[in-house]
Every structure is written in structure tokens, then in C-alpha cells.
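Here is what each chain is made of, one letter per residue.
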Amino acid sequence: MHQQKLKVGMACSRCTEDGAILFSLLVQCMMGLAFGFWMAFNLFSISFIQDPAQTLCLVWVVEFLIAILVYSLFCKYPDQCSYLRAVARGLLSLPAGALVNAFGAIVLGAPVGLQQFPKTLHWSLLMSTFTFVPAACVYGTSWSDWNRIYVRLKPTGVTDFMVSLPAHGAVIGAWFGTWPMPLDWERPWQDWPICVTYGSVAGYIIGMVVSIVLSVAGDRKGLKTE
Amino acid sequence: MRLAGKWDLGRNVKWIGFKWVFLVVLLVHGFAVFFFTRGFLLTRSELSLYSQCDDVYGSPCFSPPRDQNTSQVYWAKPGVDRLVIIVLDALRFDFVAPSTFFAEKRQWMDKLEVLLDHASRNGSAAKIFKAFSDPPTTSLQRLKGLTTGGLPTFIDVGNSFGAPEIVEDSWIQQLAQNGKRVVMMGDDTWVKLFPNHFIRSYPFPSFNVKDLHTVDDGCIQNLIPTLYKKDWDVLIAHFLGMDHVGHIFGVESFPMIDKLEQYNEIIKKVVAVLESQSGPGDLHENTMLLVMGDHGQTLNGDHGGGTAEEVETVLFALSMKKRPIPQLPDADSSDCQLDAKRRRICIGSIQQLDFAATVSALVGIPFPFGSIGRVNLELFSLAGGSWNYEMDNIGFDQSASIVGKWLQDYANVLCINSWQVKRYIDAYSSMSLIGFSDKELLYVSDLYSKAHERWSTTKNFSFGMNQVSVDSSPSVQMLLDAFSLFLESVAKLARSSWTEFNLKLMGLGFCIMLVSFYMHLILIKKLEMLCEHGSWLSNYRMNLLGVNLASFMAIVRACSFLSNSYILKEGRVAIFLLATTCILQLRYAAMKKTRFLEGLLFCSLIILLRFSIELGQLKQAVNSLFLKVDPSQNPSIPLDSWLWMCITEVTQMLSLMILAYILFRSMGSYSSLGISKCIVVITLFNFFLILLFWASDNLIINLDPLLGSMKGNLIPRLTYSAGLLQVILLAVSRWGVTNISNSMEPAAKALALLSAGSSTIIILSGKQGSMILLALAIGGWCISRLSMVNSNKESSQHLLFYVLPVTQWSFLGVCMCSFDGLRYAAAFVGFDEFHLIRQAILLTIDTFGFSLILPVFGLPLLVASSCYSKEKNQCIFIIRLSQVYLIYGLISAITTTFSMLCVTLHRRHLMVWGLFASKFVFDFVALLLTDLIILLCAFFYFE
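One line per chain: the protein sequences are A and B, in this order.
So in the numbering used here, the last one in the first sequence is 226, and the numbering has no gaps at all.
So in the numbering used here, the last one in the second sequence is 943, and the numbering has no gaps at all.
Be aware that a few hints might be false.
[Stated by the list, open to error] With a Cα cut of at most 30 Å, we get these calculated BS3-like pairs of lysine-lysine:
1. B:K268 <-> B:K105
2. B:K592 <-> A:K154
3. B:K341 <-> B:K268
4. B:K210 <-> B:K269
5. B:K77 <-> A:K76
6. B:K492 <-> B:K130
7. B:K492 <-> B:K105
8. A:K76 <-> B:K592
9. A:K154 <-> B:K130
10. B:K130 <-> B:K269
11. B:K77 <-> B:K130
12. A:K154 <-> A:K76
Think of the hints as simulated: they come from the structure by calculation, not from any bench.
Given the structure is predicted, the values throughout are model-derived calculations rather than measurements.
Required output: the full structure, derived from the provided sequences and hints.
Here's what the structure looks like:
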């Protein structure tokens, strides 16, 4: 009985601590995104609509660097793998995730063709940064964790939230982002990766906010039960 | 075991009449569609009757004297010798009217100053009219209306497919018939409408909306030189730039102002040329210039609907005659105000409906047979004012009697006009399928006879001699009013039956459709209660997810019909939704760790389907007005290259062979008897024949000498008759020999039915048919395998598991459908001569074969694979199957309902006839066909 209480207390103190860290992490990721777009616009003076491939490239590189460095801190099995190994896993997962995302996009109707190839490539790398890289850094190759997060949708704890919710947000946002594409408004942002990217970035941010809210709520709940 | 038997018996007794439910569904849908189309599809029959000069002797009016030179008779004495018509597409009323007529001055107003100058000049025979056009305000329909004087609807019965050539009478036709020479320049729609009527034409493509200047520049180049030539009587110049500028930039833009200024310059030049040649004996002594719009536009540049902005346009008339026009007693109908330069400008009004009759009267040709307009008094007076009277020789006191004389002549013209309209109305009601209502006709006839009574009394008492008494003018005025009343009520009647939708009938159809939803849902639920095994709660949550997903997808697809862009890309939308469900199922399969490979296979199949749809659209986009496909978005495959053709030919043949193999194997797996096996064997033989047929016109291997006798129509006809034989065999096995049918497994039955249909459909749809069928088979297999993941043993009874696969299945059908448009060539596979019913059946089979007939035939396989097993009784299978059919019917009913909603909402939209209505027609035909086939299947499967 006493032991259990102690456990709960410990877990919860870790929770609040995690909450703060989580918050800073999310802020960092968002800053990364913003920084990427800002850099593209101001330093390289390329606009997203005119030159989507290059902008996307810049954004995913910045975002990837931040995500891999930050998420690797939260490695779920720190005794089994060092920080560097987590980083290495994140690096490896990037192309794999990009493949899966590109496959999904093409099944759903993304254009294929030589002209479109760089856009699809960079877009899927960005999506991979949103979805696969954090999971790979945190869970490594643990199939049961991946299954729990992405398939069975039963995240437990703060780390799960902060990996799974933004990833799902990004995918769902991208799915909704495709909707304006067939409309005949003839706006430049209706082209292939642009509105989809807007959708996924919006979904990602919403997912992050929701994960913060949920983990804070979880903290409250933990306190109450104590 | 005995218990189950008892249960079976009881249910059987209760549901023996269940198949009749599908008949009821068919009837309800039929009624809904009937009422809706009756209200929505305005139909007007085109009568290909033409007015002849001599017809006028049949009228009770004075017939004007014959022309001495040509011995031709004029219907009205010509008021002008030559006519220059400048059509400015999408000319808004406020482009021309002075800005003082409006509450606020906008940047595009007062730009066509030359028109205002002439209209305000004292004593000049020029006037601005506000012209009201009738919806649909699209250029093609407006040109038709302007030239024929009728109210074109989009479904003019008698219109041949594709060729828009006008088959009705028009003043262009009359001009050509009476030896007048017409020159046309500008918009090439005119040439399409009147291919043989112009002595010279300078058409320029109107197709590309983004091209602002080609048509206008072409016009300008040819217009001025033509004005100096003698070899024409009527000149038409159609400028298109304003319409295109409106579509692209909108009205509030600088290109629009540039265009207006450009037109101002052109018209200035034209008027200058005309005036320089307008001396006595000169080329343009008695010429009239008409500058007009065919319709207006909204501020965004749209047109097609019936709002004031789109309907109101302008007609400007300028007569070159140097003599004053008669001051008409009722000329105060026009609206006079001072313009920005303090000049007094009067603006008359005219209906575009009246344009054809007025032009005919001006030029002196017979009125077009189908014209229901009235000769416009003001416009007619502009030219006819000094006709035949030597004004210079008469004093002022006599001018009143001149006006009286003129009015009498006008009354005669109106008399002929009314007589011709009455003649058209009578001819129309006797010849068309859907005429006017008897009550309205009676009313109109009554007005006509009253007007004629008045005519005959007035004629006897004041017209008889050439001398005119001043006091006759009130009676003439009353006569004019009587004719006008008749003509106006005819126009009103025509408008109500040709341009106004019957919203009540449409609403009724829509409501019946909603009732049918309710019926479907109740039936599905009732059936569910029958087979309830208490598994509802245990798997409730997971099922609900599937159902929600399925209904979400169905509703998203249905809602996508509300936008034209999504309808155009219907195939891709269906692929998108299908792929979404597939990916979700893939994820689910990954969770269960089974059937992952099937999911992947399905995904790759979807990719292939997608590419083929895009290739098909690429082909279609060439002739489509709305569809735009960017070729850079597709993998660049050299479609014409030899290698590519080789690959496709080989794949097509291979896939046919694979199909045959699959059929052979699956036949072996069922232990059923005689007839179904026999049917499958016939199909295999048919496949062999089809292979030969394809090989006979193969491009790679030339088998001509070998198969010389096989070529042509023999093989297709053999295939058709074999298909018919198979169907008859099936019917015999079902109703004739009860023993056999009882022993047949449902899956074997379904297989027999499928194979009976497939060979005909393959040969109709050409070589790609085999690939599509293979894709359908693989898709069906994947769906059935994937849907098994959802159901564990206990809940395999459960209905809700079927919703998702059935939805997927119907999406797959939609994808299959969107490869090409209607392929008229398919109707002639195996036959050279045209026979309406036979070719219509073939075309229907080809159009709906893959999207509808085969999927409905194949649904029992899907059901059987997941729920039928030998131990269980057949009743459950039947209940499941009827549920599945009901769900399928519900999905297509939802689709059709949303198309209905869409055409109702967009009934005044620019593209309603080009796109929405055709989509709607396609959908309701599909719905009725689905119901019919489901009914047939129900009779086939249910004991």
C-alpha cells in the first residue's frame, strides 16, 4: 500500500516535471518550424508558393535537427540505448518514414512525374520528421510501443502523448489539406504540396497544443487521486 | 439441427415475399425521379418548319405589294437596306448607360462615349435601349434566342448530339433564303450554329477564355475594310474580349477599362465610315447600325443565371437616314435623364425575345417560324420613320397624319406578327410531346380572336382607302393594344413553360426520395432484428467505428457533388476516399497482424486504377470544355510509342487469360452440378473467341490471312448470343428445374451469373475491358479478405460489418466507371447499322457494365465468402444478402439525392446544363438500373 502510494507520487512528480519539459519541447519545435519558414523567406528570399521544394527542404532540415536532438532526450529505455544511438535511430528512420508517407500520398492521389518528384520527396521528408522521427528516437525499435501508439491508439503517459498526438495531427491535417486542391479557384497555393503542407503544419501544431492540454489535465487528475 | 430447421421454416414463411420489397423500392425511386425530372428538365421541341414568303397570303392582314424587280413579297416593307450588327459579348447595361442613371459612378461607366454622343444628339436617329435577355444567359443559348426569336432551353428535343447547328427557323436562315448576303466575323459559335448561311465569314476561336485579344483583333482587321464593300446586306461582328476579361479579371479591373476604351474607338471608326458614306445614293444611305450585348455579367464576370446584372444588357441603334423620325405618341415609355455632360438622354427598353421579329421587319424578310416576339415599336420607328413618305414636301400640320399612317402600317406589321405567332403556337401544340396546358391555350386563342375582330372592324372603317383620317388614331391605338396584349401573353406563357422550373414538382420528387431513405433504413433494421444473436453489444464499439467511417465517406462523396470541381474529378475523389478507407483498414490489419499483404495489394491496385483514370481524363480533356488536366502531373508515358502499345496489348491478352484461369479454378472449387458448370464453360469458350477477335486486328502480329473469315461482326454476335443463352440457362435452372437450383451453392450461382455477364461486357468495352475486369476481381477479393479481418467468428453474423466493404465496393464501381466518357463506338461492336433499341441496350451495358452490373452481380460472392457455410441454413445468407443489397441501394440513392439537391441549388448556374444536369441524368439512370438489377438478382437468389 505504502509502496504503491510512493510510486504514484514519484510518477506524478515526474509528470509535472515532464509537463514543463514537454512544453519547452513543443515551443522549440514550433520555433523550429517558424524559423525554417522565416529563413527561407528572409535569408534565401524564396517564397513557399513559388518554390515549394526548396522551402520544404529548408524547413524539414531545421525541424529535423531540432526534433532529433530534443526527442532523443526522452528515449524510453535510456539504460538500453545511449543518446547517440537514439539520434542514429532517428536518422535511419527518416528515409523509411519518408517512403511510407510518399506511398500513402501516391495512393491517395499525389501527382507523380519528374517535375513533381522533388516536391514529393521533400514533403514526405517533412512528414517523416513529424511522424516517424520522434517515435524512432523515443521508442527505438520496440514494436509493441509503435503498435500501441500508432495502431491501437492507446497512449499512456506524457511521452506517448507528445509523440502520437502531433503525428496524428499532421497526418489528419494533411488529409484535410488536400480538399481544396481540385477546386477551380486557380490560386497558386492549390498546387500539390502547398496546401497539404499547410494542413499538416496546422494539424501538427494543433496536435501539440492538445497534447499539452491533455498532459496538464493528466497532471491535475494525478494530483487529485493522490 | 432440428431446431435450426424449424427456425428456417418459420422465417421462410414470413419472408417469402421479401423480394417484392425491391420492386417497391424500384417503384418509389421511379416516382421520385419522374416527378423531379418533370419539374427540372425543361423541354422544348424544335420544329424544323420554315416561314415562306408566300405564306403571308394566308394571313388575314394586308399583304404588302410584291417587289417589282424580284417578284418577292415582303412581310413588311423594308425599313433599312443594310444592317451592321456589332455584338459585344457580356455588355452590361451600366457599361453604356450614363452614370447619372445610377446611384454612384463607378470606374467602368461612361466609357463608351460615342454611343452617348449619338444618343444625345438632337435629331439623330439613334437610341439606347435597355435590353432584357432571358435566362439561361450563356452565349450559345442567347445567340440561338436572338436569331430564332424563341426561348431556347438546354434540352431542345430534336437537337442532334454534338453538332449545335440550329435546326429551327431564324432570321439568318430567312436572309439566306431570300437572297440577302450575310457576312460574319468574330466568335466562331456563329459558324457552328449557321454553317452554310454566310457568304463570307471570319471566325476566330472562342474556346480559350484566357485569350483576350485574338477574336477582337481579328474582328478589327476585317471590320473596316468590309464596311467599304458592296457585296453584303447584313454584317455581323461579334467581339468576345469583354466576356473573357470578365471571366478572368472581373469587371472592376483595368483590362476591362482598356477593353471598353478600345471598343469606343472601334465604334467611333465604324460610325465615321458609315457617316462618310451616308449621302444620297451612297453605300450606306439607308444603313442601320446596331451595337448590342448578348447578355450581361456580374461583377465577377459570371453569367448564365437570371439575376438582373446578367439579364440586363444594351441595344444601341443608329440609323443613317437623314430624315427626322416620327414623334410617336407613346414614346414617353422611355426613361429620360440628363447625363454627366448635361445632355438629355432617353433610354428605351426592349426584350431580346423581340429582336428577331424586329430585325425581320426592318429588313423585310418573313418572320422566323418559331419567333414569339413582338416587333418593337421604338426600334422599328427608328428606321421606318420616313419610309415611303416624302417628308420634305409636307407641311407640319400634315405630320400628324403621317404618324397616323405610320401607325397603321405598324398595326399591319403587328397583325402579321400575331398571325405568325399564333401559327407557331398551333403548330407547336399539335406537334410536340409536351405542349402547353389547354387552359392557357384557350386564353391565348381568345385574345387572338378578339384582336382580330377589332382588326376587321378597324380595317373596314378606316384602312380601306389610302387616305387617312386623323380621328382613326384612337381605334388604331386600341388595335395595337389588343395585338400587344396577345403577343405579351404568348411570351408570358412561353416563358413559364420554357424558362421556369416547376419547383413544386421538384420538391415532391425530392421528398419521395427522402422517404425512400427512411424505408431503406427501416428495412435494414428489421432484417437485423431477425438475425439478432446478441452480438450487438460485444463488438459494438469497433463496429460503430466502421459504420461511422463508411457513412462519413459516403456523405463526403455525396457532398462533393455540390461543387462543379469535384464532379469533374469524381473519379479521383472516389479514389481518394477509397484509398483512405483502405489505408485505415491496412492499419487495422496491422493491429490484428493478419491480411497485411492483401491490404498492400489493394493499395497498389488503387495506384494503378488512379493512373489509368488520369490517362483517361487526359484523353477526355482534349474535347471537354470544363475539364483541365495538367499533363505535367502524370508520369510522362509516350502513349503512341511502339513499345508502349506492345506492352498494353500483351497485358490485355494476359489479363484475359488470367481471368479465364481464375474462372476455371473457382469453378473447380465448387462441387455443384450441371448447369452452372456448363455456363462457366461457355464463358471460357467465349474468352477464347474474344482473344481471337482481338488478335484479328492486332497491330503487332498480323494474323489477317489466318483469321480472314473470323473478322468483322461474327465473333461479337456469337458472344452476345452466348451471353443470352447463358442468361436463359440460368433462368431455366432457377425457375424450371427446382431440384438443381436447390442444390446449388449461392457462391456457385453468383459465379455463374458473373461469368454470364462478363464476356459480353468485355467485348463491348474493348481491349482494356479485360484489365478492368481483372482489377475488379482483385479488388473484390481484397475487399472480402480485408473485411474478414473485421469480423471474428461470433460477430460474422453482424450486419454492420458489411457497411464498410459495401461502401468500398461501390466506390470501386465508381472508379471503374470514370475511365472514359460515354463511348458511342461501343454501341456498334458487332453491328454496322443503327437500330435504336439494340444500340441503346449495348451502350447501357457498356457504360454501366463495370460500374454497376458486375458489382451488383458480384456482391453475393462477397457475402457468401464471409457468411455462408454449409452447416448454416440458407436463410441467413438471404437475409444478409438483402441487407447488403439494401445498403448498396441506399448508397446510390444518397448519391442521386445529392445530385438532385445540387441541380436544384445550381439551377441558374453557368454550368448547370453542361455539367450538373448531365451528372444528374447519369445518376438517376444509374439508380434506376441498380434497383432493376437488384430486383432481378433478388428473384434469382431468393427462393
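- prompt: Taken at face value, is the distance from the CA of K592 of chain B to the CA of K76 of chain A at most 30 Å?
  reply: Between K76 of chain A and K592 of chain B the Cα gap is close to 25 Å, so the pair holds against 30 Å.
message: Please verify whether K154 of chain A and K76 of chain A have alpha carbons no more than 30 Å apart.
response: Status holds; Cα separation ~16 Å.
message: Does K269 of chain B sit within 30 Å of K210 of chain B, going by the straight-line distance between their CA atoms?
response: holds, 27 Å
- request: Take the C-alpha atoms of K154 of chain A and K130 of chain B, compute the straight-line distance between them, and say whether it is at most 30 Å.
  value: violated, 70 Å
task: Compare the distance between the alpha carbons of K492 of chain B and K130 of chain B with 30 Å, and conclude whether the hinted pair is satisfied.
output: Given pair K492 of chain B, K130 of chain B holds - Cα atoms ~19 Å apart, limit 30 Å.
query: Is K268 of chain B close enough to K105 of chain B, meaning Cα to Cα at most 30 Å?
result: holds, 23 Å
query: Hey, K341 of chain B versus K268 of chain B, does the alpha-carbon distance stay inside 30 Å?
result: holds, 19 Å
query: Is it true that the CA of K130 of chain B sits at most 30 Å from the CA of K269 of chain B?
result: Roughly 24 Å between the alpha carbons, so the hint for K130 of chain B and K269 of chain B holds.
message: Hinted pair, alpha-carbon criterion (30 Å max): K492 of chain B, K105 of chain B. Please report holds or violated.
response: violated, 35 Å
- prompt: CA of K77 of chain B to CA of K76 of chain A, is that 30 Å or under?
  reply: Measuring from Cα to Cα gives roughly 100 Å; hence the hint is violated.
- request: Decide if the proposed pair is consistent with the structure: K77 of chain B and K130 of chain B, CA atoms, cutoff 30 Å inclusive.
  value: holds, 26 Å
message: Against the 30 Å threshold, does the CA-CA distance of K592 of chain B and K154 of chain A hold or violate the hint?
response: holds, 15 Å
Consistency with the previously given hints fails for numbers 5, 7 and 9, ordered from lowest to highest.
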